[in-house]
Structures are given as C-alpha cells and as structure tokens.
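**Q** Throw the hints in and build the complete structure from the sequences for me.
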Amino acid sequence: MPNSPHPILSIPDILEKIFSQFTEVKRWEASLPPLDVLGLANQVKSVDRKSLACCARVCKAWSPSALDVLWAALPKGIYPLLRLFSCYDPRRGLNAMDVRIPELEWRRFQQYAIRVKTIAYAAQYEVDDCQLIGAPGRKLDPASRLLTQLLKISQDQPLLPNIRILHWTSSMVPYRQLALRALVGPCLLAFYVDARGQGDGTVGIEHDLNTLRFACPILEHLRITGESSLAFGISCDFANLRSAAFQRVDVAFVLPTISQLPCLEIIYLDLRRITGHLASKLASNAFPALRELTLQGRAFEVRTLLRRVVSKHLSFLKLDLISEVPSDVLRCMEALPSLPWANSLKTLRLFLRKAGGGAAVKFSDLLALLSLSHLEDVSLDLVETAVSDRDIGSIQSGWPLLKCLRIHSKQSADSESEDELAIVGGPHSLLPSLLSVVKLAIKKPTLKRIAVMAARTWSPSIACQPGTYNWRPLSGACSPRRRWICLKKRAKLRRGVR
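Numbering (UniProt numbering), first residue to last: 1 to 498.
Since the hints were derived computationally from the structure, they do not count as laboratory data.
Hints are not guaranteed to be accurate.
[What the hints assert, rightly or not] Ranges between beta-carbon positions, derived for each pair: (1) N343 x R390: 20 to 30 Å; (2) L151 x S338: 15 to 25 Å; (3) A215 x R331: 40 to 50 Å; (4) R107 x T257: 19 to 29 Å; (5) L401 x S154: 39 to 49 Å; (6) G393 x C187: 39 to 49 Å; (7) P262 x I114: 31 to 41 Å; (8) H408 x I114: 47 to 57 Å; (9) Q260 x G393: 11 to 21 Å.
[Said to hold, decoys possible] Mimicking DSS-like on lysine-lysine, the simulated pairs with C-alpha atoms at most 27 Å apart in a straight line are: (10) K439 x K362; (11) K443 x K346; (12) K448 x K403; (13) K312 x K443; (14) K362 x K312; (15) K318 x K403; (16) K362 x K346; (17) K318 x K362.
Yeah, the Cβ is synthetic: ideal placement off N, Cα and C, and Gly gets one too.
**A** Listed below in structure tokens is the structure:
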C-alpha cells in the first residue's frame, strides 16, 4: 500500500485560512493611520474572538497563529492576562500568602504576554467589572500589588515586551505610573492618552512623558487630550516623532520643542487655550518636514503659526477658525498664497465660524484661496456666511486642478438638519441656486465630484441632460426649502455640452 501523501497545508495554514473568514489579518506591528483614535478602537473591537475560539476548539488545540490573532489586541486592558494567576481576585484582593507566583502560571503569562501588540481602552461606559488593570471603586487596587510582584520576577523588564500601541484614559488607570513602567517597552510606537477628569493632570502627563522618554526611544505617534488647565513641556529626546496631536491643552510649552523635531510629518494643534504670545513661542523655521497640518483656534493666531511653517512638502491643511473680527480671516486667507508651501498644498479643509455677536464673514473674504493653484480637494464648512451665484461663478476662474469640491453653509453652528435652519433676509439668502452649481460642474473639466448645499431650484436644462450627471438630494426628496446636491461626473463628458 503506498505511503500517505504529504499534507499540502499544515494545521497553522488551515487555521489561518479559517480565521480569515471571520476577521481580516491585523498588522499591529505597523502603526495604524496616525492619530486615528476612532479607527484604532473600531479595529480592536472588530476582532471576532468568539469565532476564533470556536475554530480553535474544532482543531482541539490553539495553534501559534490562533494565539497571535486572539491576544494581539486587548480592548479592556490587561485584565484577561491577570486572570491567569490563581492568586488574583479583583473583588477580594490579594492576601499576603497569595502573593507568591507559581512558576507554571508565570510561564503561561509570558506565553500570552509576548503576543500583545495593542491595548486600546478609553471608554468608561464599557467597563463591566474591571478597569484597565483592576477593579473599580477600590482604594487599594489588588492589581497594583500583583504588577509589583511581576516586575520583581521579570527583574524590572517590561511585561508586554512587544506592545506597539497603547491608548488609555488616565482616570481609568489606578497607579498609572506603575502600570506604564510595567507594561511599555522599547517597541512602543504610539501612545494616546486622555487626561480629562484627572486631578493631577499636568504632573501625571509629565511623568508619563518622562517614562516614555527613557523606555520608548522609537516612539513615533503621540496624542494627548486634556483640559484647559493642562500645561506641560516635551523633551527634545522624542526626535523620532512622526505625528503628534494636542487637544484641549495649553500648547505654550510644547510648541518650542515640537516645532523643531526633524521627522514630524503630521501635527494637530489646539490653539484655543494657549497662554502668552504665540509669536514668541515659535522660531522662524518651524516644522521643517511637515506634510499634514490641522489647526484649531482664532484666526489671527492661526495666521501667525502658518507664517512660521517652512516645510515645502505640506500637502494637507485643515483649519478650524474662530472669527472674532472678519478682517482677521481676510488677512489669514490673503497670507496663504505667499507661503513657502503654497505650491505643494493639495487638500484644504476649512471650517469657519464667528465668535459672539460679531459680524459674519463674507465669502468674498475667502477668494484669496483661489490663488492656491495646485489645490485638488477643497471643503468649506461656513457658518452664517452667504454663498451667492456670483461666488460660485468666481470659482470657475480658480483652482485649475480641482477634482473634489464641497461647500456647506448653514445659519448656526448648532444647526444640523435643514428643518432647523432659519432664513435670513429672504428665502435662500445663504445658498446658491442649483443651476449655478450645475454650470460650475460643467465648466470645470477636472471635477470628479461636487457637493454643494443649494437652494431648491428647478430648470428644464437639467432634465434635458440625463446622461451628463447623476445627482440626488442627500437629505431626502421631501426636503422643503433646500437640499444637498450631489453631482458626480462621468468618466468622459459628452462632447458639445456647454
């Protein structure tokens, strides 16, 4: 009888194929899109652990590939790892005689701990019976005693040596300094922390950064969300940072260092809470390698920072401007075409709103943006700014490479639906006509997509061109006064259409 043929696929290969039917392969070794906290949380939650467990039971054993997928991302901290120790009970605590760790349990812990790549735990409402490292509502967290013991056994080596991404809320992590020292190692690439509601916010963040400075020399992505009273500095030792975000914090002490980092490509800065004069915080050659810039704050402060950016590779700009005086917005827009990175800018996102009871910004104040001749993607979200047919027509003479255009004008920042929008100065005072939008789409040969909030209008000239555009009201056919118009141009325009 002939010998049995050699199997073409091994058991791990078969398991990996089965797992791919439930969840796509996650590459936690490579960082996710920088600063995308929501995307990170969704990816961690999307791992179908129940299906993976069922597949493993069918094969009677856990293969290494199955363990890698199952333990790669922990959405609720290291609590599942601590449960491997028989001496740990988050409700009863640790007794003095229970502190001893059996060698078999320690080896099993190491077997799983080396596979952890991501900890994403930042939502308090998801807590069931545990926090990031222990039980809630206890003055003495038993997990802290267990972590201390584990650090002694590991001789102060990180318990999760291969962790790449750490995202947590400070208020949900008891003994945060101990946890950070115990968990992170030299492989950490991204650290996202939410310090809101933390009593020792400034001190805690400074301790976190000091720990990361020595423990994580290759840190590439940093995001800190805090409160208005949170002010801290950052060391120049973070020379490998490629992206950083500072939201709801005072960035006065961060800017002098962060603006000179040689590898920084993506930055998000919230300037609303900055103290002192912004010009004194920045050198004249700030952000030399920047590619994407997001700013939030008053128009004159944003203008000051933009004038200091010297990178010639900036291709994405997002501005969330608060207009106290319309002239500040005008000066800010007029300065953009003359800046060093004006010719490299491809994408512009502008959200404009006024502060208090000041005068609204006119669309004519934004016409200086038309001089940015290399823009391909433009999105304008305007509050209390009227957009007329003449304004839409003026776009025809600018942006020769424009591919995507979005203009959204509404009455107030709190208005979300069309029914809540009020009419000022007569019907459709804030919006252009649909016909002017269609004419713009026809006369811009490079346009592939246009979405403009327009007044309700009907013209037979639209109906007689059914093959040129596909358009539909995004807010429904029963919209009473105005609607979103989405015009999608086909690959080739019909010749002879003017």
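**Q** Hint by hint, which ones does this structure get wrong, listed from lowest number up?
**A** 2, 4, 5, 6, 9, 13 and 14
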